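Student: So the protein sequences, as listed, match chains E and S. As numbered in the UniProt record's numbering, residues 1 to 256 make up the first sequence, in order. As numbered in the UniProt record's numbering, residues 1 to 256 make up the second sequence, in order.
Hints listed in this document are in silico derivations from the structure and should not be mistaken for laboratory results. Quick caveat: nothing in here was measured; it's all calculated off a predicted structure. Hints are supplied without guarantee of correctness; some may be wrong.
What the hints assert, rightly or not - With a straight-line cut-off of 20 Å between C-alpha atoms, the simulated SDA-like cross-links for lysine to any residue are: (1) E:K197 <-> E:R177; (2) E:K23 <-> S:K197; (3) S:K197 <-> E:G28; (4) S:K23 <-> E:H78; (5) S:K197 <-> E:H78; (6) E:K88 <-> E:A53.
Stated by the list, open to error - According to the in silico footprint, chain E covers these stretches of chain S (three or more CB under 8 Å from chain E): (7) 43–55; (8) 72–81; (9) 90–103; (10) 112–123; (11) 229–242.
Virtual Cβ for every residue (Gly too), placed ideally from N, Cα, C.
Protein chains: 2
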Amino acid sequence: MTTQIVTAAILAIGDELLSGRTKDKNIGHLADVLLLSGIDLKEVRIVADEEEAIVEALNALRARYTYVFTSGGIGPTHDDITADAVSKAFGLPCEHDAEAMRLLADMYARRGMEFTEARQRMARMPRGARHIANPVSTAPGFVVENVYVMAGVPQVFQAMVDNILPELAGGAKMLTRSLPCPYGEGDIGTLLGAIQKAHPATSIGSYPKYDGQRFSTELVVRARDPEALDAAAHAIAAMIRDLDTARASGHPGPEA
Amino acid sequence: MTTQIVTAAILAIGDELLSGRTKDKNIGHLADVLLLSGIDLKEVRIVADEEEAIVEALNALRARYTYVFTSGGIGPTHDDITADAVSKAFGLPCEHDAEAMRLLADMYARRGMEFTEARQRMARMPRGARHIANPVSTAPGFVVENVYVMAGVPQVFQAMVDNILPELAGGAKMLTRSLPCPYGEGDIGTLLGAIQKAHPATSIGSYPKYDGQRFSTELVVRARDPEALDAAAHAIAAMIRDLDTARASGHPGPEA
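Go ahead and model the full structure; you've got the sequences and the hints to work with.
Tutor: Below you can see the structure in the form of C-alpha cells.
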C-alpha cells in the first residue's frame, strides 16, 4: 500500500453555474470518484466564462495540487473560452489540433453534416496537449501537464472521467466509517474534541442534521490506517453508548 | 434604477463537501437569491475545514468582491473552526460574544438543557462582529465588514440568508431571457458569435443539452438594459427561424 498523498482540485467553468440557472452535477460526481481512488479533493472553484478569472484560478490550483480537473467551456460557441484560457495559463499557442480535426471531420462526414467553423472550434487546444477521448460526442478533452480539461455536459464529463481514471496515481486509499449519532453537536462537541485529540492519525468530521425539530449528527472517521480507524470508531461508539446510558438514567444533558 | 455593479463570492467550508459525502445545497440556493437581487455572483470556492485554506480564500475573495458569503463550520464541534479562521483573516481576537452567550444560555435554560462548553463554542466570533439572527436554532451567524458568516445546515443557512437580504445593496437588476433552441452548438456557434458581437451590451450564454441522442441548446441573454435584451433576443429568434427554414428546405446543416 502506498502512503503517498495525492491531492486534487476541481475548477468548474461557466456563467450558468453562477447564475443559479444550472445546478452543477459534475463536482459531486468527481468528488465521489476521487474519494474511491484515494485522491484527496482539497478545493473546488467555480468561475465565470472570463479568461482572466480562469487563468488565475488555474495557475493557483495547478501549482498547489497533484491534479486539476476542469469542466465546461470547450464547446463550439463564442463563450467557450477554456481552451484559450488554458493555453494562456501555460504560455502555449492555442491551435486547431490536427488529430482532433480529423476525428471531428470524419464524424460529421459520416453523419452527412457540415463541419462548420463553429464545430472546428472544438478541435482547438494548447499545442502538444494529449487528448481525452469523448465516446459520447467525439470532440476530445485534453491534458496539459497536471491539468485535465473536460466538457461541462454531465454525460460527456462522466465519460471523460472514466477515460482518465486508469492513468491517475491513486494515493493511499482513505478509509472512512460513518456512525449515525442521535445527539446534537452541542451534546457531543467536547467529548468528540477529546476523541479527536486522542486519535491524531484520524480525521473526525461531525455533520449536523436537522429534521425540522431536533439536531442529530452523522460522525465520519477518516484514516489511511485501518487500525487507527477502528480505534477512533470504537471510541465514538463508546461515547454514544455512554450518552444513551446517561439519558436512560434521567441525566438532563442529551437532547433526544 | 441604479447602474452600480455589485459582486459577490460564496465560500463553502467543510470536508464533507469535498469528500462527496454531502452534496451542497447552499450554493445553488444563494445563487438564485443573488440573481434576483441584482447581485453578480462571480466566484465560488469550496475548501476543507483547515484554517490556512479558509484564511487564504477569505482574504482573496473579500478583497475582490462587494460581498463574501460563507457557509459552514460555526457549530459546536472541534472541526468547526470558521470563527477562528475569520478572526485570523481580519486580525481580530476570537472571543465568546456576550450577547450570543446570553441568547444561547436563555435558550438552553428554557429547554432544560445544559449550556455545555461545546455549545458555548457557538458564541465565539471575531470581536465587534454584528450578529445574523438564527430563528431555527438560535446560535447566530455574524458579519465582519463585507463578510457574512452563516451556518452550513441548509435550513439554518437559508433562514440567515433571508435575514441579511434586506441590508444588501442590490445592483442594477440583471435581466435574463431564455430561448430554447432545437439546434446543437455546432450549428449555431458561428451565427451566435456574430449576434454576440452585434449586441455588446448583452451577455449571451449557450448551454448545451444532451438527451442521450442529440444535442440541443438553451440560449440565455443577460443585460441590464431591457432594450438591449429585447434586441439580442429578437436576433436570436430570427436565427432559429432561419435555421428552421433551411431545415425545411432540405439544407443539410442543422442536426434535428
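Student: None of the hints should be skipped; say for each whether it holds.
Tutor: Quick rundown of the hints versus the structure:
Using a Cα cut-off of 20 Å, the hinted pair E:K197 and E:R177 holds, with the two alpha carbons roughly 18 Å apart. The straight-line distance between the Cα atoms of E:K23 and S:K197 is roughly 28 Å, outside the 20 Å bound, and the hint therefore fails. Restraint check for S:K197 and E:G28: the C-alpha separation of about 35 Å exceeds 20 Å, so the hint is violated. Between the alpha carbons of S:K23 and E:H78 the distance comes to roughly 31 Å, so the proposed pair goes past 20 Å and is violated.
Of the supplied pair hints, the one linking S:K197 and E:H78 holds, its CA atoms being roughly 9 Å apart against a limit of 20 Å. At most 20 Å may separate the alpha-carbon atoms for a hinted pair to count; E:K88 and E:A53 meet this at roughly 12 Å. Note: the stretch 43–55 of chain S has 8 residues with beta-carbon separation from chain E under 8 Å; the three-residue rule is met and the coverage holds. Counting residues of the stretch 72–81 of chain S whose beta carbon lies closer than 8 Å to any beta carbon of chain E gives 6, which reaches the threshold of three, so the coverage claim holds.
Only residues whose beta carbon comes within less than 8 Å of a beta carbon in chain E count, and the stretch 90–103 of chain S has 0; fewer than three means the coverage is violated. Only residues whose beta carbon comes within less than 8 Å of a beta carbon in chain E count, and the stretch 112–123 of chain S has 9; three or more means the coverage holds. For the stretch 229–242 of chain S, the proposed coverage by chain E is not satisfied: 0 residues have a C-beta within less than 8 Å of a C-beta in that chain, short of the threshold of three.
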